[in-house]
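Enquirer: Protein sequences, first through last, are from chains A and B.
The opening residue of the first sequence carries number 107 in this note's numbering; numbering runs sequentially from there.
The opening residue of the second sequence carries number 550 in this note's numbering; numbering runs sequentially from there.
A couple of the hints might just be wrong.
Unchecked claim - Distance windows between CB atoms, simulated: (1) A:Asp170 / B:Ala578: 25 to 35 Å; (2) B:Thr594 / A:Pro204: 16 to 26 Å; (3) A:Pro145 / B:Ile556: 18 to 28 Å; (4) A:Pro173 / B:Tyr580: 26 to 36 Å; (5) A:Gln134 / B:Val562: 26 to 36 Å.
No lab work stands behind these hints, which were simulated from the structure alone.
The C-beta atom is built at its ideal place from N, Cα and C for all residues, glycine as well.
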Amino acid sequence: SAVISQKPSRDICQRGTSLTIQCQVDSQVTMMFWYRQQPGQSLTLIATANQGSEATYESGFVIDKFPISRPNLTFSTLTVSNMSPEDSSIYLCSVRTPSNEKLFFGSGTQLSVL
Amino acid sequence: KQEVTQIPAALSVPEGENLVLNCSFTDSAIYNLQWFRQDPGKGLTSLLLIQSSQREQTSGRLNASLDKSSGRSTLYIAASQPGDSATYLCAPSKGGSNYKLTFGKGTLLTVNP
Numbered sequence: 107s108a109v110i111s112q113k114p115s116r117d118i119c120q121r122g123t124s125l126t127i128q129c130q131v132d133s134q135v136t137m138m139f140w141y142r143q144q145p146g147q148s149l150t151l152i153a154t155a156n157q158g159s160e161a162t163y164e165s166g167f168v169i170d171k172f173p174i175s176r177p178n179l180t181f182s183t184l185t186v187s188n189m190s191p192e193d194s195s196i197y198l199c200s201v202r203t204p205s206n207e208k209l210f211f212g213s214g215t216q217l218s219v220l
Numbered sequence: 550k551q552e553v554t555q556i557p558a559a560l561s562v563p564e565g566e567n568l569v570l571n572c573s574f575t576d577s578a579i580y581n582l583q584w585f586r587q588d589p590g591k592g593l594t595s596l597l598l599i600q601s602s603q604r605e606q607t608s609g610r611l612n613a614s615l616d617k618s619s620g621r622s623t624l625y626i627a628a629s630q631p632g633d634s635a636t637y638l639c640a641p642s643k644g645g646s647n648y649k650l651t652f653g654k655g656t657l658l659t660v661n662p
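The following block holds chain A by itself, in its conformation from the complex (with noise of 0.2 Å):
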């Protein structure tokens, strides 16, 4: 298994502002991914963040909107930029380690934009 830490939990932020995510693993791992839950939607799928590659992108993600980081194999960062209402949702990073097919979550962070 995988102990994600994930920070901050929560944030209100203003709109045209940005902010960024840390998810820190207690393992190393290859593959994080970073998710958004939209007030009653499902969980969709933003990027896949391998170490010492660029972050693979999904449909409707674009970097300059979404950058991400993954400096090393148990840390990552994810940063919404230039904010506005629609952005506010859950955001959730989680991992697959390599002994295990789960994937393993961290706790989420519940950003509002006003």
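Position chain B against the provided structure of chain A, taking the given hints into account.
Expert: Relative to chain A, chain B alone:
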């Protein structure tokens, strides 16, 4: 594009009842399927993972079945307890190099004491 539907959207039952949550998916070419539990403020917890070659998986009071050819999975919860109250999500995966999961909207389960 994979689409996942979960029925019912919400379910309220008295404690002790056995219940079934349903999940259907449009693309049957999956690698595996996971069932998750989501509690407010606590992220997601993986409950069961079924490989595409398997028919079912069991963990305690939970039993998940998979009918890949018909694009269906069910999660059976025996002798439900108030602590089972949560949102249950199913997520099939096509596997491969990026291991992308597609989630349903979930079933909100409330177990009343």
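Enquirer: Now tell me, hint by hint, if it's right for this structure.
Expert: Outcome of the hint check:
no., hint, verdict
1, A:Asp170 / B:Ala578: 25 to 35 Å, "holds, 33 Å"
2, B:Thr594 / A:Pro204: 16 to 26 Å, "holds, 20 Å"
3, A:Pro145 / B:Ile556: 18 to 28 Å, "holds, 20 Å"
4, A:Pro173 / B:Tyr580: 26 to 36 Å, "holds, 30 Å"
5, A:Gln134 / B:Val562: 26 to 36 Å, "violated, 42 Å"
In this structure, only the earlier hint numbered 5 is contradicted, and the remaining ones agree with it.
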